[in-house]
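A.B. asks: Make the full structure from the sequences, and use the hints.
Protein chains: 2
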Amino acid sequence: MKIGVLGSGMVGSAIAGKLVSRGHEVKMGSRSASNEKATAWVSSAGKGASQGTFADAAAFGEIVFNCTAGAGSLDALQAAGAQNLRGKILVDVANPLDFSHGMPPSLFVGNTDSLAERIQAAFPEAKVVKALNTVNASVMVDPGRVPGETDIFVSGNDVGAKGEVTRILKDDFGWKSVIDLGDVTAARGTESYLHLWLRLWGAVKNADFNIKVVH
Amino acid sequence: MKIGVLGSGMVGSAIAGKLVSRGHEVKMGSRSASNEKATAWVSSAGKGASQGTFADAAAFGEIVFNCTAGAGSLDALQAAGAQNLRGKILVDVANPLDFSHGMPPSLFVGNTDSLAERIQAAFPEAKVVKALNTVNASVMVDPGRVPGETDIFVSGNDVGAKGEVTRILKDDFGWKSVIDLGDVTAARGTESYLHLWLRLWGAVKNADFNIKVVH
Numbered sequence: 107m108k109i110g111v112l113g114s115g116m117v118g119s120a121i122a123g124k125l126v127s128r129g130h131e132v133k134m135g136s137r138s139a140s141n142e143k144a145t146a147w148v149s150s151a152g153k154g155a156s157q158g159t160f161a162d163a164a165a166f167g168e169i170v171f172n173c174t175a176g177a178g179s180l181d182a183l184q185a186a187g188a189q190n191l192r193g194k195i196l197v198d199v200a201n202p203l204d205f206s207h208g209m210p211p212s213l214f215v216g217n218t219d220s221l222a223e224r225i226q227a228a229f230p231e232a233k234v235v236k237a238l239n240t241v242n243a244s245v246m247v248d249p250g251r252v253p254g255e256t257d258i259f260v261s262g263n264d265v266g267a268k269g270e271v272t273r274i275l276k277d278d279f280g281w282k283s284v285i286d287l288g289d290v291t292a293a294r295g296t297e298s299y300l301h302l303w304l305r306l307w308g309a310v311k312n313a314d315f316n317i318k319v320v321h
Numbered sequence: 107m108k109i110g111v112l113g114s115g116m117v118g119s120a121i122a123g124k125l126v127s128r129g130h131e132v133k134m135g136s137r138s139a140s141n142e143k144a145t146a147w148v149s150s151a152g153k154g155a156s157q158g159t160f161a162d163a164a165a166f167g168e169i170v171f172n173c174t175a176g177a178g179s180l181d182a183l184q185a186a187g188a189q190n191l192r193g194k195i196l197v198d199v200a201n202p203l204d205f206s207h208g209m210p211p212s213l214f215v216g217n218t219d220s221l222a223e224r225i226q227a228a229f230p231e232a233k234v235v236k237a238l239n240t241v242n243a244s245v246m247v248d249p250g251r252v253p254g255e256t257d258i259f260v261s262g263n264d265v266g267a268k269g270e271v272t273r274i275l276k277d278d279f280g281w282k283s284v285i286d287l288g289d290v291t292a293a294r295g296t297e298s299y300l301h302l303w304l305r306l307w308g309a310v311k312n313a314d315f316n317i318k319v320v321h
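Protein sequences appear in the order of chains A and B.
Its first residue numbered 107, the first sequence is counted upward by one per residue in the numbering used here.
Its first residue numbered 107, the second sequence is counted upward by one per residue in the numbering used here.
I should point out that these hints are in silico values taken from the structure, not numbers from a laboratory.
Keep in mind that a hint or two might mislead.
No copy labels: a pair is met if it fits in one copy or bridges any two.
Listed next, the in silico EDC-like pairs over lysine to aspartate or glutamate satisfying Cα-Cα at most 20 Å (straight line) [said to hold, decoys possible]:
#1 Lys318 x Asp286
#2 Lys143 x Asp219
#3 Lys318 x Glu255
#4 Lys311 x Asp278
C.D. replies: This is how it looks when you write it as structure tokens:
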């Protein structure tokens with residue numbers, strides 16, 4: 107499958123790299139077509155890896171991952187272009203972290219709204235699926251780094267899109283348990299969880315952790 | 107031990123009942139000394155159970171549990187009286203739920219503040235420990251209702267107070283794993299988790315659930 111990955115940071119590199127290793131063709135999108143981190147990633151990832159602008163990557167992908175920093179996501183997606191996202195699944199992995207109040211970060215949207223909802227509202231013809239934002243980049247694509255079975259979540263308005271993303275999470279990323287939390291407003295739940303994630307990180311002193319819902 | 111429990115709802119009844127069954131003397135506090143729900147609880151709970159005003163219960167307890175609804179907690183604690191809380195451990199079980207925007211509820215404080223912090227700021231001579239607000243009332247006092255070992259959290263500025271609350275959570279309530287998340291600002295994490303808890307409740311369709319942190 108042809109996949110666009112917006113963002114060349116740790117999350118974008120982890121997701122793009124895993125998808126290439128699984129045999130997909132992946133174009134990493136950045137602000138400029140000659141982004142150095144993207145160039146380095148293309149060199150190391152090998153066959154199937156390419157790079158371009160946000161618009162190039164979005165046009166290339168049959169499905170698009172938003173792996174940009176939350177504070178820049180809407181700008182990056184505007185640069186990607188609504189016409190390049192129309193009708194496509196847009197997997198939103200970003201968290202709306204706000205570092206302006208110091209550490210730990212707070213969130214610049216929450217409670218009665220979420221970043222995923224803002225993205226869905228700005229791109230109504232894309233099928234936004236919030237996913238993977240509850241674990242660090244390494245665990246996203248290698249859930250076995252956490253010693254024990256844990257859960258990952260999907261939220262979105264399009265049931266078919268959630269099903270397709272669930273298939274990728276299971277077949278390509280190795281997740282065994284994917285919990286559907288409901289429509290895109292459920293992203294308020296997984297984005298707000300970052301407040302707890304940050305404190306748990308401080309308590310367990312290792313970012314390779316996750317939660318298991320026991321019921 | 108003499109314990110004051112503020113609130114006669116499901117949470118107050120569950121906690122007060124469990125503490126009486128463990129041999130503690132418990133006074134349930136309400137807005138009025140003749141609150142009907144408190145009277146019913148005293149009748150059913152038997153030896154060791156009594157009732158009174160918020161101030162009566164706070165004065166009675168060597169340790170005090172805030173089990174009032176979050177929206178009324180500061181008023182209830184003002185009625186309880188700073189002089190009756192001075193130097194005491196105040197276990198804050200409340201969540202700042204706001205039902206004014208419809209269902210699911212949002213939170214009336216969060217992100218860069220929390221209900222526990224507001225309580226600590228209003229009662230600087232009390233030792234506020236946020237605990238138990240991440241599970242429903244039944245699970246708080248009977249963690250075995252969830253089929254599998256799960257975690258409960260404490261947050262607060264006083265290390266000794268957190269140790270004493272941890273002992274009660276383990277010895278009286280049956281929790282095996284109590285995770286110390288840090289100072290009272292960590293209550294932002296467990297209170298914000300309510301957004302995820304509400305969506306998980308919808309997904310698992312059973313309020314007797316909890317999370318296990320795997321690392």
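A.B. asks: Decide, hint by hint, whether the structure agrees.
C.D. replies: Now the hints, each set against the structure:
Within a single copy, lysine 318 and aspartate 286 get their C-alpha atoms as close as 14 Å, and across copies as close as 19 Å, so both meet the 20 Å cut-off. In this assembly of identical chains, the alpha carbons of lysine 143 and aspartate 219 never lie at most 20 Å apart, being 32 Å within a copy and 37 Å across copies at closest. Taking the shortest alpha-carbon separations for lysine 318 and glutamate 255, both the intra-copy value of 7 Å and the inter-copy value of 10 Å come in at or below 20 Å. Proximity of lysine 311 and aspartate 278 under a CA criterion of 20 Å is satisfied in neither setting, with 28 Å inside one chain copy and 29 Å between copies.
The structure is inconsistent with the numbered hints 2, 4, although it conforms to all the rest.
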